[in-house]
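Enquirer: Make the full structure from the sequences, and use the hints.
Protein chains: 4
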Amino acid sequence: MNQTNADASAKADRDALFERVRNSFDKQGAMHTLGASLGEVAPGSVSIWMSHRAELTQQHGYLHAGMVATALDSACGYAAFTLMPADAAVLTIEFKINLIAPAKGPRFRFDGVVTKAGRTISVVDGRALQVGADGVEKLIATMTATVMTLLGRGIES
Amino acid sequence: MNQTNADASAKADRDALFERVRNSFDKQGAMHTLGASLGEVAPGSVSIWMSHRAELTQQHGYLHAGMVATALDSACGYAAFTLMPADAAVLTIEFKINLIAPAKGPRFRFDGVVTKAGRTISVVDGRALQVGADGVEKLIATMTATVMTLLGRGIES
Amino acid sequence: MNQTNADASAKADRDALFERVRNSFDKQGAMHTLGASLGEVAPGSVSIWMSHRAELTQQHGYLHAGMVATALDSACGYAAFTLMPADAAVLTIEFKINLIAPAKGPRFRFDGVVTKAGRTISVVDGRALQVGADGVEKLIATMTATVMTLLGRGIES
Amino acid sequence: MNQTNADASAKADRDALFERVRNSFDKQGAMHTLGASLGEVAPGSVSIWMSHRAELTQQHGYLHAGMVATALDSACGYAAFTLMPADAAVLTIEFKINLIAPAKGPRFRFDGVVTKAGRTISVVDGRALQVGADGVEKLIATMTATVMTLLGRGIES
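Protein chains in written order, with this note's numbering: chain P, 1 to 157; chain B, 1 to 157; chain Z, 1 to 157; chain V, 1 to 157.
FYI, nobody ran anything at the bench for these hints, they're computed from the structure. Where is the CB? At the ideal position from N, CA and C, for every residue including glycine. Hints may contain errors.
[What the hints assert, rightly or not] EDC-like cross-link-like pairs, simulated, lysine to aspartate or glutamate; straight-line CA separation at most 20 Å: (1) P:Lys27 to B:Asp134; (2) V:Lys116 to P:Asp111; (3) B:Lys116 to Z:Glu137; (4) P:Lys27 to P:Asp87; (5) P:Lys116 to V:Glu137.
[Said to hold, decoys possible] Distance ranges between label pairs, derived from CB positions: (6) V:Gly152 to Z:Ala12: 58 to 66 Å; (7) Z:Glu55 to P:Ala133: 52 to 60 Å; (8) Z:Asp26 to P:Asp13: 50 to 58 Å; (9) B:Arg20 to V:Gly152: 25 to 33 Å; (10) V:Lys11 to Z:Gly135: 36 to 44 Å; (11) V:Arg20 to P:Asn5: 57 to 65 Å.
Expert: Next up, the structure:
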């Protein structure tokens with residue numbers, strides 16, 4: 001395979017991976033409510049973007065910690081999903097989040113990166129970044145999520 | 001003070017506490033988006049109710065883990081808030097959540113109960129219960145949250 | 001079966017469960033180093049006892065948070081183990097601990113209680129109690145542990 | 001100040017920081033029990049080294065998760081300590097650890113790196129690495145710790 005074909009093949013793989021994640025992402029009513037959109041998708045990492053919205057805030061007008069967690073959990077879950085077999089489902093077992101700075105926005109990026117991809121259990125680390133009006137990024141939260149690969153059985157088992 | 005007056009006084013205290021929490025709760029855009037309502041409020045514990053909604057789901061139609069976390073975080077934060085000085089603000093430092101069963105609903109109750117109320121740091125445990133159409137309760141998630149009491153300084157310090 | 005026989009049978013079951021846990025407990029070099037001993041063992045719950053020791057301290061003379069975690073992790077892991085098939089191995093995937101009060105002792109009890117026993121994943125909650133010289137118990141730490149049941153394959157898979 | 005003097009001054013600062021951490025580290029009975037030694041100390045990061053020991057194991061002969069946590073907690077706490085005022089004490093509020101691979105050794109390095117240094121609360125991330133007989137490093141655990149700066153009051157407040 002020459003370089004042009006190799007590049008085309010790699011691009012097709014990336015596109016297929018993006019579509020696989022987007023198909024699931026689009027089924028998440030929560031992502032619509034957040035006004036979130038899927039950013040970069042690569043093997044072992046996924047980014048999600050969203051903006052500050054008044055309907056997602058806590059009492060001081062910042063993004064609610066749970067809404068930060070919602071976007072980070074999806075980023076982490078899908079990051080693990082990119083390394084799973086095509087017929088697998090992904091299930092979050094648990095996560096922990098540290099809130100580091102008030103989430104003002106106006107924009108946010110949520111990055112999930114797989115730290116360990118296991119047959120059954122994967123560990124994924126997430127970072128929530130505020131992107132200021134001036135483009136300056138600031139870390140606002142970190143997450144560690146433990147997710148499970150479900151194969152050939154219902155998600156409720 | 002006779003018993004009738006004592007009862008009236010205790011009720012007034014409970015009403016004042018409820019109002020204090022509700023004033024803050026009503027400012028949370030996120031609670032409106034969840035369709036959540038404040039349940040019982042007592043010193044050291046708060047309950048929040050909500051129903052399953054398609055706009056809060058993950059890809060399999062269950063409540064998104066992050067939305068479960070959003071309601072639990074508010075229940076835990078406000079549980080700590082009930083034991084803080086009247087002029088204090090409450091800030092979630094971190095939380096961890098374990099997802100135990102799929103969150104189908106149709107109803108959910110989120111209970112936050114203070115395990116340790118400290119001068120600066122409080123530890124609160126939360127439980128998310130699904131209330132089935134038949135009224136049967138089922139544990140769907142547990143949370144431990146670490147929250148901070150903020151006095152006389154901005155929330156961003 | 002008459003009552004006497006039923007009682008004898010229940011006692012035999014409890015003894016067998018205790019032996020199963022003790023066999024594994026005794027293989028933990030860490031428990032010897034802690035001077036820990038196995039307390040009550042019942043289906044879904046295990047207690048471990050230990051005393052304050054200078055060789056287990058942090059810089060202020062209290063029990064090191066990690067040593068509290070070591071005893072709690074064993075209590076939680078074995079609590080899950082009591083509900084697993086006889087040929088299963090137990091593996092801690094992750095845990096979170098909140099340190100609530102300085103661990104002075106002189107005695108400590110660590111209780112692990114299963115919150116959810118799953119086929120593959122179990123969630124266990126632990127509480128570390130200080131037992132003062134006057135017998136008064138004080139909560140010093142809480143843990144939530146996620147443990148895995150390993151069947152018919154190596155622990156390293 | 002010329003370059004030679006600047007270098008000498010920087011080295012003196014590093015030495016003083018190392019001594020400050022080592023003074024506290026040496027008071028931890030737990031570190032002696034682990035056979036742990038202090039590695040690199042820099043502003044915002046600390047490494048600790050130790051070897052596999054039979055007296056620190058769980059039932060399968062690997063390092064007990066709690067012992068991994070003990071070393072990581074110290075590395076994380078001291079990493080935060082390097083950024084605190086000279087008269088401050090450091091207190092772990094909570095930590096979460098994910099166990100990623102069996103801790104066989106023969107050597108281990110535990111790195112704590114500050115993610116956010118706050119006036120009161122700091123967030124520190126830790127990584128436990130196994131260093132094989134062949135020198136190959138392998139990630140065996142990750143930790144996120146929340147630590148508190150204590151100034152001018154007892155650690156028990």
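Enquirer: Please go over all the hints and tell whether each is borne out by the structure.
Expert: Tested hints:
1. The hinted pair formed by P:Lys27 and B:Asp134 fails the criterion: a straight-line CA distance of about 28 Å is larger than 20 Å.
2. About 18 Å separates the Cα atoms of V:Lys116 and P:Asp111, which keeps this hinted pair within 20 Å; it holds.
3. Between B:Lys116 and Z:Glu137 the CA atoms are separated by roughly 14 Å; this keeps the pair inside 20 Å, and the hint holds.
4. Proximity of P:Lys27 to P:Asp87 is assessed by CA-CA distance (about 16 Å); at most 20 Å being required, the pair is judged to hold.
5. Annotation: proposed proximity of P:Lys116 to V:Glu137 holds, straight-line Cα distance about 14 Å (limit 20 Å).
6. For V:Gly152 paired with Z:Ala12, a C-beta distance near 59 Å keeps the hint of 58 to 66 Å intact.
7. Between Z:Glu55 and P:Ala133 the C-beta distance comes to about 55 Å, which sits within the given range of 52 to 60 Å.
8. Restraint check, Z:Asp26 to P:Asp13: a C-beta distance of roughly 52 Å satisfies the suggested window 50 to 58 Å.
9. A C-beta distance of roughly 31 Å is found between B:Arg20 and V:Gly152, which places it inside the suggested range of 25 to 33 Å.
10. Our hint of 36 to 44 Å for V:Lys11 and Z:Gly135 is violated, since their Cβ atoms are close to 54 Å apart.
11. A C-beta distance of roughly 60 Å is found between V:Arg20 and P:Asn5, which places it inside the suggested range of 57 to 65 Å.
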